[in-house]
Amino acid sequence: MSVLTRKADRIDRLADQHGLSLWQEALRRLRRSPPAIIGAVIVVLFVVIALVGPLLVPHDPLSQAWRGEISEARGAFPGPRAENWLGVDHLGRDEFSRLIVGARQTLIVGVVSTLLGLAVGVLIGGIAGAAAGLGGRAGRFLDSFIMRIIDMLLAVPSLLLAVSVAAVLGQSLATVMIAIGLVSVPIFARLLRGAMLAQAESEYVTAAVALGVPQWKIAWSHLLPNSVGPVIVQATLTLATAIIEAAALSFLGLGNADAAIPEWGVMLADAQRYLSVRPEWAIYPSVGIIVIALGFTLLGESMREALDPKLRR
Amino acid sequence: MPLLDVSDLAVTFAPRGRPAVNAVDGVSFQVNAGEVVGLVGESGSGKSVTAMAILGLLPKGKEVQVTGRASLDGTDLLSLDRRRLRDVRGRDVAMVFQDPLSSLNPVVPIGTQVTEVLTRHRGLSGSAARKEAADLLERVGIPDPTRRLRDYPHQLSGGMRQRVLIAIAVACRPRLIIADEPTTALDVTIQAQILDLLSGLVKDSGTSLLLITHDLGVVAGLCDTVNVFYAGRLVETAKRRQLFGAPQHPYTLGLIGSIPRLDTPRGDRLAAIPGSVRDVLPWPTGCAFAPRCALSADECVAGPPALHVVDEGHTHRCVRAGAPS
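These protein sequence lines are chains A and B, in that order. Residue -6 is where the first sequence starts when you use the numbering used here, and the numbers rise one by one after that. Residue 7 is where the second sequence starts when you use the numbering used here, and the numbers rise one by one after that.
Chain B on its own, in the form it takes in the complex:
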């Protein structure tokens, strides 16, 4: 049984007086124990909303509707009451956010922010909690951790802040870490360090990692399984090898094709997918990617594209996959 089983997850935003938006639509994927799973897609494709919905972080009410299931070890996170959900958050599932500066409280020393979660879920207090916090900071590669506990977030560099957030995330040895674009706000050189740190921690502790990113380079380096999002739906799911070796969906092809390469001649324009994410078709009428797709034909807009199984663990939603353009 997979550790996290998301099935048919849908999130609809219906602001008063404006048309409803299906931000996430019928998304299903699994995360096995110890596995690194990537959610890839452009901005606005629904990756982050999926993660927020799994942890119940979306505002509740008439304007936001979440349906489907997201079971962690058999318990459906979407139907847990608030108290049980608070127990799960941080202890079983932890989250690392995109911007390390705004994710830390600016007026509270980082030590307090690390011990907070230790107190909450592991019942540590006082000097035991501070000792454990220092150990955690040491594990994520922060030098002189005991002294750093007294520092405020603005006294640390971006990379150090992200290390602190990772320390907070691994503090209670969760079974799943959700990392929402953990390297986007960082320098390229720091990005590599943070990714190394994350993959190292995950490997050592057997934790699963759900990595949200728009960077296929990150995916290639880290993920075992990849889910490609487009306009709120999964268009392709594959093992890393399958995805880069034999991409099926034209959108995946386009993404891989737009990775800048060292061996293209200087002065050549970077390859890009024509159009923008706004040029979408509503899924019920056909493939949302059709307006930007080189392969698009009449059958693409004849109805929602069905799920095609290519191989074990490799599925996609393209009726014209493999057709000559």
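Just chain A, same shape as in the assembly:
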């Protein structure tokens, strides 16, 4: 008997190890996928640079200390050297320091605008999805009303929409974030609503209804947890687009009003005039944007795969 109980214990322990929740299992899959690791390393590196980089940069990114050494007429700008690792920009500021400090701005804009879009999108999509899935005829009406508005937003090209918002609200960093956040709202809303609608058909929702659970509770504790997976994955992908869009808005001159504060999009815009003399000024921030967008995309795509129920088990 004691052998048997011990065996049962062992089986229990084994079962415990294998019985992982959805997210734990996804994490295990992520750890085994090379693209996910590469993406994660890039993202972590970027975040670390953005957080501590500005404290460690060799020079003040705003000081025009090397102004005297440049001559715009002759096209003479100091190139990479021991003092300035990536040379000096057109106003005599240290290029390397600006690049590092610019990473922080880029990250803040990307994260804040994505969170903004996520929050509003989840709210709208959640209401529409819950109404359509559980609310009967009145709910379906509310849902189609909300979703038509969302469709209208979706119909406008995202950059055009962002530019219009930025133009209306005036030039500031907050504007950039709001504009880019707004662009991603319809994506999140549609995604969550669709997922919730699919879940509303499932039997455990009928079972919950049969137990007399109130509708708001079914929406909150049954539909939502089962539907947020794809939305979170989409957020990672949106982060990449948000960074690119923020750079694009800055490039178009709709970014931060204070152009002296380094930001990759601004740096790119500034480099434009000197493209024939100093093409590397455009290359540095571009490579930064490309690499970080790639990092978030790799991570997001791998997360999507890891969480995809069709690929599980």
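No lab work stands behind these hints, which were simulated from the structure alone. Note that the structure is predicted; figures quoted are calculated from it, not measured. Each hint should be verified, as a subset may be incorrect.
DSSO-like cross-link-like pairs, simulated, lysine-lysine; straight-line CA separation at most 27 Å [to be verified]:
| id | chain 1 | residue 1 | chain 2 | residue 2 |
| --- | --- | --- | --- | --- |
| 1 | A | 210 | B | 66 |
| 2 | B | 137 | A | 210 |
| 3 | B | 209 | B | 245 |
| 4 | B | 209 | B | 137 |
Okay, the calculated beta carbon distance ranges per label pair [unchecked claim]:
| id | chain 1 | residue 1 | chain 2 | residue 2 | range |
| --- | --- | --- | --- | --- | --- |
| 5 | A | 134 | B | 252 | 52 to 62 Å |
| 6 | A | 108 | B | 69 | 39 to 49 Å |
| 7 | B | 14 | A | 130 | 20 to 30 Å |
| 8 | A | 25 | B | 27 | 43 to 53 Å |
| 9 | B | 79 | A | 209 | 26 to 36 Å |
| 10 | A | 152 | B | 26 | 47 to 57 Å |
| 11 | A | 30 | B | 265 | 54 to 64 Å |
| 12 | B | 14 | A | 116 | 44 to 54 Å |
| 13 | A | 134 | B | 209 | 46 to 56 Å |
Ideal Cβ positions, reconstructed from N, Cα and C, are used throughout, including at glycine.
We have chain A; now place chain B onto it with these hints.
Positioned in the frame of chain A, the structure of chain B alone reads:
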């Protein structure tokens, strides 16, 4: 007075642009307190739709029409407003569904799913609810219940999941449990355990059980009264003893005749009712079973068959019952 009195229940599905389907048509039956009543029939005969209609789980709207009455202790469930209906669901009438995996929320620990109904109907919260949930899991035979509360549905076996669903169903000590094919998705060995558990719980608490099944073996083991469905109508209602001892309707005879037996010679083909459920006649023109029936004659298609009373509690709808084939 019976606990549940369903009279003249009819459900019509009328999808836009397609002909209407009478899924359930003039169904009447009773469930007395403490009684186990079976609804038997093939897939598509209207058993589940009947159960869903009683609890108001069918989608409301132009495309689904439910008529008739289903009174629980005198209150008609079909005419209750949504708020009152939510109070009844889970507290007075609970339901156990067929597939335990899809009936549990995959991303919520089972403990939360058990406490949910305790919070809703019995006002328990926090540690009191968790304690009660653990007791419930213990009662349905789940070992180590306190630890299992944290488990997710996919960590449990099929039988364990069905036990959890039963625990949720009995959580508020309902007066009636509707079990919709509770054992169909389970292994045969587990089926027996689950049925034992259900009948034990029902007997201990005096709860009535409305058992939907297509398995006559289950009926023979559990039910006091049996209602046989065919094409949306009740063709025979009888006490268990009457049904197996003296079946009247040829369809019931056919069902009993198709139970595989241990004493038939090996290699013999299993007995079956010829044709399929799709070969039905609309009830108003005659007996829907006539196209598949060995006894069918002209009188079968002369109009809807009337209700014949054989004995107390034993009725059927066959004009040629007992006739030689």
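Subject >> Enumerated hints in conflict with the structure, sorted upward >> reply: As far as the earlier hints go, not one is violated by this structure.
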